[in-house]
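Visitor: Chain residues, written in single-letter form:
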Amino acid sequence: MAVTRETAATVKEIEQYKYGFVTDIESDKAPKGLSEDIIRFISAKKNEPDWMLEGRLKAYRHWLTQADEEPAWAKLHYPKIDYQDAYYYAAPKQAKLASLDEVDPKLLETYKKLGIPLLEQQMLAGVAVDAVFDSVSVATTYKKKLEEMGVIFMPISEAVHKHPELVKKYLGSVVPYTDNFFATLNAAVFTDGSFVYIPKGLRCPMELSTYFRINEKNTGQFERTLIIADEGSYVSYLEGCTAPQRDENQLHAAVVELVALDDAEIKYSTVQNWYPGDAQGKGGIYNFVTKRAACRGRNSKVMWTQVETGSAITWKYPSCILQGDNSTGEFYSVAITNNRQQADTGTKMIHLGRNTKSKIISKGISAGHADNTYRGLVRIGAKADNARNYTQCDSLLIGSTCGAHTVPYIETKNPTAHTEHEATTSKISEDQLFYCMQRGMTQEEAVSLIVNGFCKEVLQTLPMEFAVEAQKLVGISLEGSVG
Amino acid sequence: MKPAQRISGLMEHPFGADYARGTPAPADRALAAFREQARAVFEPQGLPGPRNESWRFTPLRTLAKVPFIPAAAADDVDVAAVPPQIAELPGAARIVLVNGILRADLSDTLDGVELSTTADRALLGHLASAASAPLAALNASFMSQTLSLRVSTRAAKTIHLISIAAAGSQPAAFHPRLLISVNKGASLTLVETHCGLPGQPTLANPVTEIDLAEGASLKRYVQVTEQPDSFHLAATGIALAARSRFEGFHMGLGGALVRQEVNAVMRGTGAALELNGAYALDGHSHHDFTTSIDHHVPGCASNQVFKGVVDGGSHGVYQGRIHVARDAQKTDARQLHKALFLGRGPQIDCKPELEIYADDVQCAHGAATGEIDANHLFYLAARGIDPATARMLLVEAFLADATGRITDENLRAAFTRDIQGWLSRRSLKAAA
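Protein chains in written order, with the numbering used here: chain A, 1 to 483; chain B, 484 to 915.
Take these hints with a grain of salt, some might be off.
DMTMM-like, lysine to aspartate or glutamate: derived pairs with alpha carbons at most 25 Å apart [as the list claims (entries may be wrong)]:
hint: 1; chain 1: A; residue 1: Lys169; chain 2: A; residue 2: Asp325
hint: 2; chain 1: A; residue 1: Lys75; chain 2: B; residue 2: Asp815
hint: 3; chain 1: A; residue 1: Lys427; chain 2: B; residue 2: Asp810
hint: 4; chain 1: A; residue 1: Lys348; chain 2: A; residue 2: Glu422
hint: 5; chain 1: A; residue 1: Lys472; chain 2: A; residue 2: Asp278
hint: 6; chain 1: A; residue 1: Lys413; chain 2: B; residue 2: Glu536
hint: 7; chain 1: A; residue 1: Lys145; chain 2: A; residue 2: Glu165
hint: 8; chain 1: A; residue 1: Lys413; chain 2: B; residue 2: Glu892
hint: 9; chain 1: B; residue 1: Lys813; chain 2: A; residue 2: Glu422
hint: 10; chain 1: A; residue 1: Lys427; chain 2: B; residue 2: Glu879
hint: 11; chain 1: A; residue 1: Lys383; chain 2: B; residue 2: Glu854
hint: 12; chain 1: A; residue 1: Lys357; chain 2: B; residue 2: Asp856
hint: 13; chain 1: A; residue 1: Lys359; chain 2: A; residue 2: Glu420
hint: 14; chain 1: A; residue 1: Lys359; chain 2: A; residue 2: Asp262
hint: 15; chain 1: A; residue 1: Lys456; chain 2: B; residue 2: Asp843
hint: 16; chain 1: A; residue 1: Lys200; chain 2: A; residue 2: Asp278
hint: 17; chain 1: A; residue 1: Lys413; chain 2: B; residue 2: Asp856
hint: 18; chain 1: A; residue 1: Lys427; chain 2: B; residue 2: Asp843
hint: 19; chain 1: A; residue 1: Lys75; chain 2: B; residue 2: Glu536
hint: 20; chain 1: A; residue 1: Lys413; chain 2: B; residue 2: Glu854
hint: 21; chain 1: A; residue 1: Lys348; chain 2: B; residue 2: Glu854
hint: 22; chain 1: A; residue 1: Lys413; chain 2: B; residue 2: Asp815
hint: 23; chain 1: A; residue 1: Lys456; chain 2: A; residue 2: Glu207
hint: 24; chain 1: A; residue 1: Lys29; chain 2: A; residue 2: Glu48
hint: 25; chain 1: A; residue 1: Lys413; chain 2: B; residue 2: Asp712
hint: 26; chain 1: A; residue 1: Lys58; chain 2: A; residue 2: Asp68
hint: 27; chain 1: A; residue 1: Lys348; chain 2: B; residue 2: Glu536
hint: 28; chain 1: A; residue 1: Lys168; chain 2: A; residue 2: Asp179
hint: 29; chain 1: A; residue 1: Lys357; chain 2: B; residue 2: Glu854
hint: 30; chain 1: A; residue 1: Lys80; chain 2: B; residue 2: Glu892
hint: 31; chain 1: A; residue 1: Lys75; chain 2: A; residue 2: Asp278
hint: 32; chain 1: A; residue 1: Lys383; chain 2: B; residue 2: Asp856
hint: 33; chain 1: A; residue 1: Lys75; chain 2: B; residue 2: Asp843
hint: 34; chain 1: A; residue 1: Lys75; chain 2: B; residue 2: Asp712
hint: 35; chain 1: A; residue 1: Lys359; chain 2: B; residue 2: Glu854
hint: 36; chain 1: B; residue 1: Lys813; chain 2: A; residue 2: Asp431
hint: 37; chain 1: A; residue 1: Lys58; chain 2: A; residue 2: Glu158
hint: 38; chain 1: A; residue 1: Lys359; chain 2: B; residue 2: Asp856
hint: 39; chain 1: B; residue 1: Lys813; chain 2: A; residue 2: Glu430
hint: 40; chain 1: B; residue 1: Lys640; chain 2: B; residue 2: Glu892
Derived from the structure by calculation, the hints contain no laboratory data.
All values reported here derive from a predicted model rather than from experimental measurement.
Just need the whole structure built from these sequences, with the hints factored in.
Guide: Written out as structure tokens, the structure reads:
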């Protein structure tokens, strides 16, 4: 019987969220709740100039007028969020470290578990990492090398001091503080995030990457990312997330702004694997993200790729405003929901310039009692001559207790534009499963293989380092969904 | 959650207390009570505004400003005054309504179909309830006449229902309700022509409730060719029992603002629904096709093909929703909308929506917009066909994907003729 008990214990361990651990580091926290004082506290903590504080307060005052404007149109069900019952600022106490040796070993341990290539692995992986632990960036690597090339890659709190002209010019220029309820909240309380500037004509030689981590209990995380690709430059940016397990729902309202000038290209990839809550739907992250790119220049290009496997609630619509003539926007998405997860995600492609092109490939996979919604807008303005859009959304249902929904909006005002939209819904066929299992695969391996095949088009667009992780994630997220 | 509607955001509209006084309550007490209940729903919500998701593409601001009065039963209107393009349907039995009121003197006697002006209470309000749709609420609040059609055999003759809108010296509105029940195994082909006489603007607000019993079959072809400054807001609710068949076709060729809303519920296994439509718009015409198909039970099929061409400053809207309930396994649901631009200025909005809770289903939708392919024009030009004729041919062929799905041969030809008529009028206009 001892063996059985052991097996049961092992199984139980496996069933638990792989990255569900809490690192105990004393943190520097603002009191619970949200008020002008808290915002002044955050701003003071960051030693911000007055114009930043004013911007935050302006956003906060606007947010107060928006109390009943919290978006309710998404196909999401969750208890009302009490915004006064969260901490808006928490920072690991030790800051300003000269070298990695000074980093809290516990923290390094955490990263190791997550597999972030921060030490020796850095060289092998060739990834510069701006690791955000809770709200403050504690270690930034490869900075020197990038600096020599003129690339600015630093926490946004640092950029405010070092490059105020760039921050002033671009922060809030793509997602203004009045944009939506969650973006307004973010503009008021954002704690940190990454700032990237790629100078004219430079092809950034390495993938830039930030791992987000929600660690402190009850800390809503409000990241703000701003990436500017100047004329003729190229950058590939990776964002990945895992979070420790906890029972209380956590709010995350990030804002990401991308600006691509003439002939510039930005590739933004995300693997999101936050704690999705347990099988009964208890706990999990609430993820309300506003991501938007402005293709301002001629021939500019932005490509969003996302693999969304985590979070209890996902509310996320990475968008492209195609202002510049000949600009291109692409959106590749895999969203996997299992158990009680809910995802309402998609994109917006706003065609304003001539010869603008957009492509949307969305794969939604729903299992357990989950609901997965694709919601997307393609808008062709009257002046967007020869605009092209191609949209394909496919949904895969695993089991008869989940839901898959597609809500596309297509608005066209230009006769020379061509838009195409296709969507299908299907399930894993018994034949496919049987075929795989007959060849010695377990049912879960077979499901993972079939689903990976279903998502291939999207996973292929990920940078190598991410593609491997994403493929594994696809399998892990669907464990226990069949049979 | 937000409060459902902000009262302060309510649009001013002409359908207030004065309007209600102008539409005397029916003698039937139960009917009068039905109207009162509907008004209790309509009054606080009013006309749907842009914040109502289902109405975001179709603003009613212009309509709300027209000082409509309840239309009088215009006994002096003669069908001879009806625009000549309303095709005679040979062999069809006619039912003529003027301002929503049956004109027995202009209608034929029907064979195998019971027609009555007494409301079928078993049906009234069941498939289009005031609570579920603003259009049904508006209709029920001021309902003029209910017309009940009951089919108990295979009706040999096609019924052609002609609804004529005729305003007097003031803009007029009317709210007819049509109740159709097709009994077990029975079948009917119904053509509806909604048109109006030149003059003051009119608003036709017909609501139709259709109940198909087991194995029943109904073909319903609707054409809306209202006057250029007139309005038409129609809603249809359909319930399909096991193995019943419904084939619908909706054509929009005229009117300032037209909405044709169809909500169908699959209630019995093996039911099949085919719902197609075509529109050809110019000027400032706005046509909205909104459909919602609820697959409540397993093993049903639905298919939709809507195609449209837009010119001038017109605006075409297609919103389709397919809902597949948890138990509705083996559902086959399809939806397609394609629109063609004929010039600069028009607008197309499309929202094909799928909401699926069952896994063993086949569901697909497609949507596309574009203009006439220059290669196609070149191909035809190379064969000696002048550009104007070539464009007409291509438009006709484009819409034929939808009209071609009309299974009744004679009616398919009649609807195709209507489209050809629209095209030739348009080219005449262009030539002038």
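Visitor: Now, for every hint given, state plainly whether the structure supports it.
Guide: Tested hints:
1. Taking the CA atoms of Lys169 (chain A) and Asp325 (chain A), the gap is near 22 Å; set against the 25 Å cutoff, the hint holds.
2. A hinted pair counts as satisfied when its Cα atoms are at most 25 Å apart, and Lys75 (chain A) with Asp815 (chain B) qualifies at roughly 23 Å.
3. A distance of roughly 15 Å separates the Cα atoms of Lys427 (chain A) and Asp810 (chain B); the hinted pair therefore holds under the 25 Å criterion.
4. At most 25 Å may separate the alpha-carbon atoms for a hinted pair to count; Lys348 (chain A) and Glu422 (chain A) meet this at roughly 16 Å.
5. Restraint check: the Cα-Cα separation between Lys472 (chain A) and Asp278 (chain A) comes to about 20 Å, which is no more than 25 Å; the hinted pair holds.
6. A hinted pair counts as satisfied when its Cα atoms are at most 25 Å apart, and Lys413 (chain A) with Glu536 (chain B) qualifies at roughly 20 Å.
7. Distance hint between Lys145 (chain A) and Glu165 (chain A) is fulfilled; the C-alpha atoms sit about 23 Å from each other, no more than 25 Å.
8. Distance hint between Lys413 (chain A) and Glu892 (chain B) is unfulfilled; the C-alpha atoms sit about 36 Å from each other, more than 25 Å.
9. The straight-line distance between the Cα atoms of Lys813 (chain B) and Glu422 (chain A) is roughly 21 Å, inside the 25 Å bound, and the hint therefore holds.
10. At most 25 Å may separate the alpha-carbon atoms for a hinted pair to count; Lys427 (chain A) and Glu879 (chain B) exceed this at roughly 38 Å.
11. Proximity of Lys383 (chain A) to Glu854 (chain B) is assessed by CA-CA distance (about 15 Å); at most 25 Å being required, the pair is judged to hold.
12. With a C-alpha separation of about 18 Å, the suggested pair Lys357 (chain A) and Asp856 (chain B) falls inside the 25 Å cut-off, and the hint holds.
13. Our distance criterion of 25 Å between C-alpha atoms is met by Lys359 (chain A) and Glu420 (chain A), whose separation comes to about 10 Å.
14. Proximity of Lys359 (chain A) to Asp262 (chain A) is assessed by CA-CA distance (about 20 Å); at most 25 Å being required, the pair is judged to hold.
15. Taking the CA atoms of Lys456 (chain A) and Asp843 (chain B), the gap is near 23 Å; set against the 25 Å cutoff, the hint holds.
16. Only pairs whose Cα atoms come within 25 Å are accepted, and Lys200 (chain A) paired with Asp278 (chain A) is rejected, the gap being roughly 47 Å.
17. For the hint pairing Lys413 (chain A) with Asp856 (chain B), the CA-to-CA distance comes to about 17 Å; that is within 25 Å, so the pair holds.
18. A C-alpha spacing of about 6 Å is found between Lys427 (chain A) and Asp843 (chain B), which places the hinted pair at or below 25 Å, so the restraint holds.
19. Restraint check for Lys75 (chain A) and Glu536 (chain B): the C-alpha separation of about 13 Å stays at or below 25 Å, so the hint holds.
20. Between Lys413 (chain A) and Glu854 (chain B) the CA atoms are separated by roughly 12 Å; this keeps the pair inside 25 Å, and the hint holds.
21. At roughly 23 Å between alpha-carbon atoms, Lys348 (chain A) and Glu854 (chain B) fall within 25 Å of each other, so this suggested pair holds.
22. With a C-alpha separation of about 32 Å, the suggested pair Lys413 (chain A) and Asp815 (chain B) falls outside the 25 Å cut-off, and the hint is violated.
23. Proximity of Lys456 (chain A) to Glu207 (chain A) is assessed by CA-CA distance (about 21 Å); at most 25 Å being required, the pair is judged to hold.
24. Straight-line distance between C-alpha atoms of Lys29 (chain A) and Glu48 (chain A) comes to about 17 Å, which keeps the hinted pair within the 25 Å bound.
25. Under the criterion of a C-alpha separation no larger than 25 Å, the hint pairing Lys413 (chain A) with Asp712 (chain B) is consistent with the structure, at around 23 Å.
26. A hinted pair counts as satisfied when its Cα atoms are at most 25 Å apart, and Lys58 (chain A) with Asp68 (chain A) qualifies at roughly 18 Å.
27. At most 25 Å may separate the alpha-carbon atoms for a hinted pair to count; Lys348 (chain A) and Glu536 (chain B) meet this at roughly 17 Å.
28. Of the supplied pair hints, the one linking Lys168 (chain A) and Asp179 (chain A) holds, its CA atoms being roughly 18 Å apart against a limit of 25 Å.
29. A distance of roughly 16 Å separates the Cα atoms of Lys357 (chain A) and Glu854 (chain B); the hinted pair therefore holds under the 25 Å criterion.
30. Among the hinted pairs, Lys80 (chain A) with Glu892 (chain B) is inconsistent with the structure: their alpha-carbon atoms are about 57 Å apart, more than 25 Å.
31. About 20 Å separates the Cα atoms of Lys75 (chain A) and Asp278 (chain A), which keeps this hinted pair within 25 Å; it holds.
32. A hinted pair counts as satisfied when its Cα atoms are at most 25 Å apart, and Lys383 (chain A) with Asp856 (chain B) qualifies at roughly 19 Å.
33. Under the criterion of a C-alpha separation no larger than 25 Å, the hint pairing Lys75 (chain A) with Asp843 (chain B) is consistent with the structure, at around 22 Å.
34. The hinted pair formed by Lys75 (chain A) and Asp712 (chain B) fails the criterion: a straight-line CA distance of about 38 Å is larger than 25 Å.
35. For the hint pairing Lys359 (chain A) with Glu854 (chain B), the CA-to-CA distance comes to about 19 Å; that is within 25 Å, so the pair holds.
36. Taking the CA atoms of Lys813 (chain B) and Asp431 (chain A), the gap is near 17 Å; set against the 25 Å cutoff, the hint holds.
37. Straight-line distance between C-alpha atoms of Lys58 (chain A) and Glu158 (chain A) comes to about 22 Å, which keeps the hinted pair within the 25 Å bound.
38. Taken as a hint, the Lys359 (chain A) and Asp856 (chain B) pair is honoured in the structure, with Cα atoms around 21 Å apart against an allowance of 25 Å.
39. The straight-line distance between the Cα atoms of Lys813 (chain B) and Glu430 (chain A) is roughly 14 Å, inside the 25 Å bound, and the hint therefore holds.
40. The suggested pairing of Lys640 (chain B) with Glu892 (chain B) holds, with an alpha-carbon distance near 14 Å, which does not exceed 25 Å.
When held up to the earlier numbered hints, the structure conflicts with 8, 10, 16, 22, 30, 34 and fits the remainder.
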